[in-house]
Amino acid sequence: MANRGKPAYVGKMAGRHFLNTNDFSQREISDILRAARDLREKFRRGRPTNYLPGKTLFMLFYNRSLRTRNSFEAGIYQLGGHAHFLSPSDVYTPTLPEDMIPYQTESIADVSRVLSRYGDAVAIRIYGDAAKWHIGRGHKVIREFARWSSIPVLNMEDDIYHPFQALADMMAITDVAPKPQGKKFVVSYAYSGGLKPLAVPQSCILIGTQFGMDVVLAHPPGFELEDHVIEACRRNVEQYGGSFTITNNMREAFEGADFVYPKAWSPKKFFPPYNSAVDKEGAARYQDGFKDWICTPELMDLTNRGRYMHCGPADRGQEVVDEVIDNDRYSLYFQQAENRLHVQKAVMSMVMVRGR
Amino acid sequence: MANRGKPAYVGKMAGRHFLNTNDFSQREISDILRAARDLREKFRRGRPTNYLPGKTLFMLFYNRSLRTRNSFEAGIYQLGGHAHFLSPSDVYTPTLPEDMIPYQTESIADVSRVLSRYGDAVAIRIYGDAAKWHIGRGHKVIREFARWSSIPVLNMEDDIYHPFQALADMMAITDVAPKPQGKKFVVSYAYSGGLKPLAVPQSCILIGTQFGMDVVLAHPPGFELEDHVIEACRRNVEQYGGSFTITNNMREAFEGADFVYPKAWSPKKFFPPYNSAVDKEGAARYQDGFKDWICTPELMDLTNRGRYMHCGPADRGQEVVDEVIDNDRYSLYFQQAENRLHVQKAVMSMVMVRGR
Amino acid sequence: MANRGKPAYVGKMAGRHFLNTNDFSQREISDILRAARDLREKFRRGRPTNYLPGKTLFMLFYNRSLRTRNSFEAGIYQLGGHAHFLSPSDVYTPTLPEDMIPYQTESIADVSRVLSRYGDAVAIRIYGDAAKWHIGRGHKVIREFARWSSIPVLNMEDDIYHPFQALADMMAITDVAPKPQGKKFVVSYAYSGGLKPLAVPQSCILIGTQFGMDVVLAHPPGFELEDHVIEACRRNVEQYGGSFTITNNMREAFEGADFVYPKAWSPKKFFPPYNSAVDKEGAARYQDGFKDWICTPELMDLTNRGRYMHCGPADRGQEVVDEVIDNDRYSLYFQQAENRLHVQKAVMSMVMVRGR
Numbered sequence: 002m003a004n005r006g007k008p009a010y011v012g013k014m015a016g017r018h019f020l021n022t023n024d025f026s027q028r029e030i031s032d033i034l035r036a037a038r039d040l041r042e043k044f045r046r047g048r049p050t051n052y053l054p055g056k057t058l059f060m061l062f063y064n065r066s067l068r069t070r071n072s073f074e075a076g077i078y079q080l081g082g083h084a085h086f087l088s089p090s091d092v093y094t095p096t097l098p099e100d101m102i103p104y105q106t107e108s109i110a111d112v113s114r115v116l117s118r119y120g121d122a123v124a125i126r127i128y129g130d131a132a133k134w135h136i137g138r139g140h141k142v143i144r145e146f147a148r149w150s151s152i153p154v155l156n157m158e159d160d161i162y163h164p165f166q167a168l169a170d171m172m173a174i175t176d177v178a179p180k181p182q183g184k185k186f187v188v189s190y191a192y193s194g195g196l197k198p199l200a201v202p203q204s205c206i207l208i209g210t211q212f213g214m215d216v217v218l219a220h221p222p223g224f225e226l227e228d229h230v231i232e233a234c235r236r237n238v239e240q241y242g243g244s245f246t247i248t249n250n251m252r253e254a255f256e257g258a259d260f261v262y263p264k265a266w267s268p269k270k271f272f273p274p275y276n277s278a279v280d281k282e283g284a285a286r287y288q289d290g291f292k293d294w295i296c297t298p299e300l301m302d303l304t305n306r307g308r309y310m311h312c313g314p315a316d317r318g319q320e321v322v323d324e325v326i327d328n329d330r331y332s333l334y335f336q337q338a339e340n341r342l343h344v345q346k347a348v349m350s351m352v353m354v355r356g357r
Numbered sequence: 002m003a004n005r006g007k008p009a010y011v012g013k014m015a016g017r018h019f020l021n022t023n024d025f026s027q028r029e030i031s032d033i034l035r036a037a038r039d040l041r042e043k044f045r046r047g048r049p050t051n052y053l054p055g056k057t058l059f060m061l062f063y064n065r066s067l068r069t070r071n072s073f074e075a076g077i078y079q080l081g082g083h084a085h086f087l088s089p090s091d092v093y094t095p096t097l098p099e100d101m102i103p104y105q106t107e108s109i110a111d112v113s114r115v116l117s118r119y120g121d122a123v124a125i126r127i128y129g130d131a132a133k134w135h136i137g138r139g140h141k142v143i144r145e146f147a148r149w150s151s152i153p154v155l156n157m158e159d160d161i162y163h164p165f166q167a168l169a170d171m172m173a174i175t176d177v178a179p180k181p182q183g184k185k186f187v188v189s190y191a192y193s194g195g196l197k198p199l200a201v202p203q204s205c206i207l208i209g210t211q212f213g214m215d216v217v218l219a220h221p222p223g224f225e226l227e228d229h230v231i232e233a234c235r236r237n238v239e240q241y242g243g244s245f246t247i248t249n250n251m252r253e254a255f256e257g258a259d260f261v262y263p264k265a266w267s268p269k270k271f272f273p274p275y276n277s278a279v280d281k282e283g284a285a286r287y288q289d290g291f292k293d294w295i296c297t298p299e300l301m302d303l304t305n306r307g308r309y310m311h312c313g314p315a316d317r318g319q320e321v322v323d324e325v326i327d328n329d330r331y332s333l334y335f336q337q338a339e340n341r342l343h344v345q346k347a348v349m350s351m352v353m354v355r356g357r
Numbered sequence: 002m003a004n005r006g007k008p009a010y011v012g013k014m015a016g017r018h019f020l021n022t023n024d025f026s027q028r029e030i031s032d033i034l035r036a037a038r039d040l041r042e043k044f045r046r047g048r049p050t051n052y053l054p055g056k057t058l059f060m061l062f063y064n065r066s067l068r069t070r071n072s073f074e075a076g077i078y079q080l081g082g083h084a085h086f087l088s089p090s091d092v093y094t095p096t097l098p099e100d101m102i103p104y105q106t107e108s109i110a111d112v113s114r115v116l117s118r119y120g121d122a123v124a125i126r127i128y129g130d131a132a133k134w135h136i137g138r139g140h141k142v143i144r145e146f147a148r149w150s151s152i153p154v155l156n157m158e159d160d161i162y163h164p165f166q167a168l169a170d171m172m173a174i175t176d177v178a179p180k181p182q183g184k185k186f187v188v189s190y191a192y193s194g195g196l197k198p199l200a201v202p203q204s205c206i207l208i209g210t211q212f213g214m215d216v217v218l219a220h221p222p223g224f225e226l227e228d229h230v231i232e233a234c235r236r237n238v239e240q241y242g243g244s245f246t247i248t249n250n251m252r253e254a255f256e257g258a259d260f261v262y263p264k265a266w267s268p269k270k271f272f273p274p275y276n277s278a279v280d281k282e283g284a285a286r287y288q289d290g291f292k293d294w295i296c297t298p299e300l301m302d303l304t305n306r307g308r309y310m311h312c313g314p315a316d317r318g319q320e321v322v323d324e325v326i327d328n329d330r331y332s333l334y335f336q337q338a339e340n341r342l343h344v345q346k347a348v349m350s351m352v353m354v355r356g357r
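Protein chains in written order, with the numbering used here: chain G, 2 to 357; chain V, 2 to 357; chain A, 2 to 357.
No lab work stands behind these hints, which were simulated from the structure alone. Fair warning: there could be bad hints in the mix.
Which copy is meant is left open, because identical chains are indistinguishable; a pair holds if it fits in one copy or across any two.
Quick list of in silico lysine-lysine cross-link-like pairs, DSS-like style, CA-CA up to 25 Å [to be verified]:
#	residue 1	residue 2
1	180	281
2	13	43
3	7	43
4	43	281
As the structure is a computational prediction, the values presented were derived from the model and not from experiment.
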């Protein structure tokens, strides 16, 4: 079908999965952000964007969600399509071969092939308890869906990557700094008593290095991110310029920063495959030694009039104080949340078109 | 944007919250009912009413629901829009500052501001267990949403008000009596073994007095409604005429009535802030003393060929016998339920329009 | 309203319930399949099929589902309508008079009458635990909905019939054999450790005999289907030709078969009304004696280049081995699943039209 009256980006990446920003080139990510800005402008002006009429998005949530669920469901609707909200308990839980429970689960291979015949994309969120806290198992589930699916699979956050959040973040950064190259972007650990996956910080440093920023990863000892992600960041620096450094000092990291992203994650050494068993208590106890990793106005004053970022929901009083997150001088918090809508609409517009 | 081809009521109360009928003037409520009749007529004729294309309604249900959920979801769809059905367990439960539980809840302030960026209205139901049986806490949750929201907040029933039910009820009344002034409207306690909020009787007496009816509130001792609502009714009488009286005698109340609304609620003196603790057992035990407050054909015969009303679901055999509720000569039960659809579509059409 | 620009089948069976294929004539079923093929062709070409604009489908799932839920929700959307996904815990569970629990349930009579005023069809799934394993109770629930509903009721699988699956199956059969008369269709028990309703095999033998096929029902002793269904099959043979035989030998049944449908069900003699109590353990123990009833390539080689069929989800390693179900030479498995979408869209297009 011709693409009459639709922007050129509709269908531009037809049929592709979106699992990790680093699977795409800087140019492709820039195309997505440009499409997102077009869609944001049209949303604000109340212009129709009926680019995916009749298209169905299956959303499979193994974890709860506010931003992701509502931005995807509203987003596909604003594009003229429709989303199904599926919780695993409503279906026979789609499961990896090694985890099958007779009469309660169904193989991902079968679920993925069936859904491919009814609609146009499958979006999945799975991490933490839903992925048994075996780091990489959530991502493996999503890869298994993608292996069998003949329609695009979209990663709504797994235990390694959160690619749509990274897109929303880079959109917020480039709203402030249209040329982000050479800007200092600090992705820092911040304390929370809760157990959190590695997905957000890992996707943040990946997209920062992909755009030639001076990326600084700050965390206490024991909070190292995964080696394969660190290596991908170093390869990004080689390809795109900028720099990538790691420090154990939050204060030093914040000095002169243009953007700071203080966010909790849990130390991987307490979880498989980095540990022989899942040790939630050990992780929580270890984390509790770092309650001073909190983002305050004093820390913000060390930056280069830097902007505060967080994917939400932030643990107020632990990761950050209200005086930072609710202060428009610092905070991009609500803009990041809003951008989720626009970047997701951009990717859906680009991939959810096919000849059947 | 111009409102081409749309009725004049679309956008007439753009951006307003709808939390309590008494926040609106009699003239405004009449405008809503007129719009509801227009929408009902078009619904029955199968005419399109595509007045809110691209608009998203977030429905947040802390309590279960048949009529409310289905009438809102079908209603926004019939207007060309789309609803998200959100149960608190699907999101991080939006919570008042004093009730936050780390990693399980998110502040209403944040949820409300995020949703404001994705869609066009937030509808909320919260009472009973979900509001911890502290009377007024559910309404406080809704007020907190409204405080932070830049899009309209709609009260789908809290522990003080059920304004859309009251609209549906007044629509049913004015179908029968186009000029309700001076008609006798009896809002009476009726027995149920279940624990029920005060919202329906309170919103009933408010809208009855707002339309100049002769409103009689009948209940056993101990079932007093809240003082601030009683006072608002007295002010309505001053402003709009009619009368407002309270009696402890169901039989006397029914005599000569044009409309009777026998409906259970639970005695407030067993719940905070009217009691130091939540005493469900005490309330249930106290209620059980009033099993003779049941609507029968014998009682209906005392009325002025009066009509039976109930918001549904009625507890058959406790609040009312089948011979009344299923008898078309008496009962407005299914018409009230249907009117929910029309009045909600009216209010949504009037408030869910904005320049972004 | 005129049916301008819409195919002639839209509204052709306006207002009818769809509870059992055998309530319809062979000619009517053929009309449905013809409509389904038209809709499948348009779906594959990406053509719009906006035949039910503004129509609302209420889907009430007492049981979990992948294919049924997603194919109905995507299907009504592709027709321009909208589905509500309702789980009984979200509403006050609609319940038969004898099963009412105060304050948790609402009578089906009331729920059905209320929904009739908001939308255009009610689809229901109920069997197994949700129907208390009293065979026929699920079907009774659906009949009770139909009794009170003024809009079409659609059976999404109960404990006696699964009519939409049977339609999808006959569509798959007639894709391979446009004239199915005289083709050998084997509906066979196959082992599963799970407890399964009788609905699929019963609807299979009903539609097979309705199309004049040589239907062979194969099962071990104790797995007899219900007498009233067997009798209906014999009446179908009298009316439509073909044959209907029952055997206890899976191997003999497969010889020369054109289509085989090996599928688990549970022996009815362990459940009311065929037993005085629900005896799940007894049923499971009895089933476990028949693990050799499994569909293998060796069995498939006995057929007349026969095709493997299953409604899904198949219990791999119990009912069938991967070498059969995943082999395109044998398997119609994914085509059957896809056909669910098309036949359901056909029936909805035909029945969900009314003058209000």
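Evaluation of the provided hints:
When the C-alpha separation of residue 180 and residue 281 is checked against a cutoff of 25 Å, the pair qualifies neither within a copy, at 41 Å, nor between copies, at 62 Å. In this assembly of identical chains, the alpha carbons of residue 13 and residue 43 lie at most 25 Å apart whether taken from the same copy (19 Å) or from different copies (24 Å). Taking identical chains as interchangeable, the C-alpha atoms of residue 7 and residue 43 lie at most 25 Å apart whether they share a chain (13 Å) or sit on different chains (22 Å). In the homo-oligomer, the alpha carbons of residue 43 and residue 281 never lie at most 25 Å apart, since the shortest distance is 45 Å inside one protomer and 52 Å across protomers.
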